[in-house]
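Just so you know, the sequences run in chain order Y and R. The numbering used here numbers the first residue of the first sequence as 1 and each following residue consecutively. The numbering used here numbers the first residue of the second sequence as 1 and each following residue consecutively.
Please keep in mind that the hints were generated in silico from the structure rather than gathered at the bench. Hints should not be assumed to be uniformly reliable.
If the Cβ cut is set under 8 Å, some of the chain Y residues that face chain R in the computed set are [unchecked claim]:
#, residue
1, Asn6
2, Ala43
3, Pro135
4, Arg137
5, Gly139
6, Gln141
7, Gln145
8, Ala146
9, Thr154
10, Gln210
Glycine is no exception: its CB is placed at the ideal position from the N, C-alpha and C atoms.
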Amino acid sequence: MTRSRNALEFKGRWLSITRVRVLDADLDAIRAQLAAFARQMPAAVKGMATVIDSEVDCELAALLGELRAVGMQPLGVSEGPLAERARALGLAVLSREAGKATAPSADTPVPADPRPARAAAQPSPAAAARIVETPVRSGQQIYAQAGDLIVLNTVSPGAEVIADGCIHVYGKLAGRAIAGARGDERARIFCRKLEAELIAIAGIYAVAEQIKDGPRGAPAQAYLEHGRLKIEPHKV
Amino acid sequence: MAKIVVVTSGKGGVGKTTTAASFATGLAARGHKTAVVDFDVGLRNLDLIMGVERRVVFDFVNVIHGEATLKQALIKDKQFENLSILAASQTRDKDALTAAGVERVLDELAAEFEYVVCDSPAGIERGAHLAMYFADEALVVTNPEVSSVRDSDRVLGLLASKTRRAERGDGKVREHLVLTRYNPARVAKGEMLSVDDVKEILAIPLLGVIPESQAVLTCSNAGVPVIREENADAGLAYQDLVARFLGEERPHRFLDQKKGLFSKLFGG
Chain Y
1 MTRSRNALEF KGRWLSITRV RVLDADLDAI RAQLAAFARQ MPAAVKGMAT VIDSEVDCEL
61 AALLGELRAV GMQPLGVSEG PLAERARALG LAVLSREAGK ATAPSADTPV PADPRPARAA
121 AQPSPAAAAR IVETPVRSGQ QIYAQAGDLI VLNTVSPGAE VIADGCIHVY GKLAGRAIAG
181 ARGDERARIF CRKLEAELIA IAGIYAVAEQ IKDGPRGAPA QAYLEHGRLK IEPHKV
Chain R
1 MAKIVVVTSG KGGVGKTTTA ASFATGLAAR GHKTAVVDFD VGLRNLDLIM GVERRVVFDF
61 VNVIHGEATL KQALIKDKQF ENLSILAASQ TRDKDALTAA GVERVLDELA AEFEYVVCDS
121 PAGIERGAHL AMYFADEALV VTNPEVSSVR DSDRVLGLLA SKTRRAERGD GKVREHLVLT
181 RYNPARVAKG EMLSVDDVKE ILAIPLLGVI PESQAVLTCS NAGVPVIREE NADAGLAYQD
241 LVARFLGEER PHRFLDQKKG LFSKLFGG
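Same shape as in the complex, but just chain Y (with noise of 0.2 Å):
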């Protein structure tokens, strides 16, 4: 006997997976960070697809209920370490080669990615960019989901502006500008007149006090070379 339909459908598909890397399994001090970062990006944190990476051998169980308790939905762990707790527990173990970090390094060639369907680490912006054409006023929290955020107008100091991907700011940045939200390290800021309190991309930041010294009042560009946090002025 044959169907004439397939019981299942296989598609590819790109997913924003962020990678969370174990650096200390102390538990307590996990979950202190998990509730910091869960206050600060509520939204984000919300039903975020996680694969958890560890260097060391740790308590799988209890790391998994520690971010579950705070929204996440982790998927599964990278091949190492945790492996055989994760298939104890039914979880995915994920090679180390999917997803890589996709800024190259001087050294290395760019790998072509040959599995397209499976969830890259990086995510890149698969939402259209998110316009905003009024002031964002202080006080205000705006955050691009899986794109970009374009504010044709100003950030007032006190207001807070978040993507998983670029910012751009047609006019003063004077608020705090958080790219990369998900852990994209291509991810940029630019802003015609940079007064910005707060300048972080893929979480590595700056402070007001340490950029006084960059291009103040002008044209700005904000990047990660390397993991470092560099802010350039900006000319054509």
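With chain Y fixed as given, assemble chain R onto it according to the hints.
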């Protein structure tokens, strides 16, 4: 249907009640039936500034709770019969205000008056939120100094998002900048933000600049809104402000230092 105009600021002590009192008086003086309502439950001041503190029987909270009718609570101004004041309660606190209650009272006022001026308390909590929630237009009162400007910016964000108009998508609450306690001498010395500085940061149309004036204190002690003091620059500035609100073109006065005799004789 009346226009509901909130006088708000975020920062305390910048001149909201002073402005609300003079603004409402100015509108009434020009023939528009106006009601001015004090939303600062527990710390009421509008009645003092309007000179009606000895005639308050029922207040805003009494009306909301059905303990009195609006007619019983409204106090008619002695000078302008077009002008009525609704005082706040002094004994209760802001939790006595409910959104439904406020809406009902404002609807009743809007049916009878052309303009309903809402004097907001300072801050961004319940009293301030309810004062701005039903507004069609807003006077954002700001002192030319950094904390006031930042607080006004916060309030502008709330006006754009946490008002009935914003939630219904009914068109924006129209925002007007009122710069108060302006001191041209200090601006010239660089101690105070200039009109242009504030306009650049807040980016809303300038309705008026009220110079720092001793008359404000004397008038408040006398229970007379400063707009009625024709000898005071502040009074005249409020008159200009009302005129501009009603669509007239008036150049901004009192922006420059008063020239002393010396500079008048020798220029500069």
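Each hint, compared with the structure:
| no. | hint | result |
| --- | --- | --- |
| 1 | Asn6 | violated, 45 Å |
| 2 | Ala43 | violated, 16 Å |
| 3 | Pro135 | holds, 6 Å |
| 4 | Arg137 | holds, 3 Å |
| 5 | Gly139 | holds, 5 Å |
| 6 | Gln141 | violated, 10 Å |
| 7 | Gln145 | violated, 19 Å |
| 8 | Ala146 | violated, 23 Å |
| 9 | Thr154 | holds, 7 Å |
| 10 | Gln210 | violated, 22 Å |
Figure legend: structure checked against the earlier numbered hints; hints not met, in rising order: 1, 2, 6, 7, 8 and 10.
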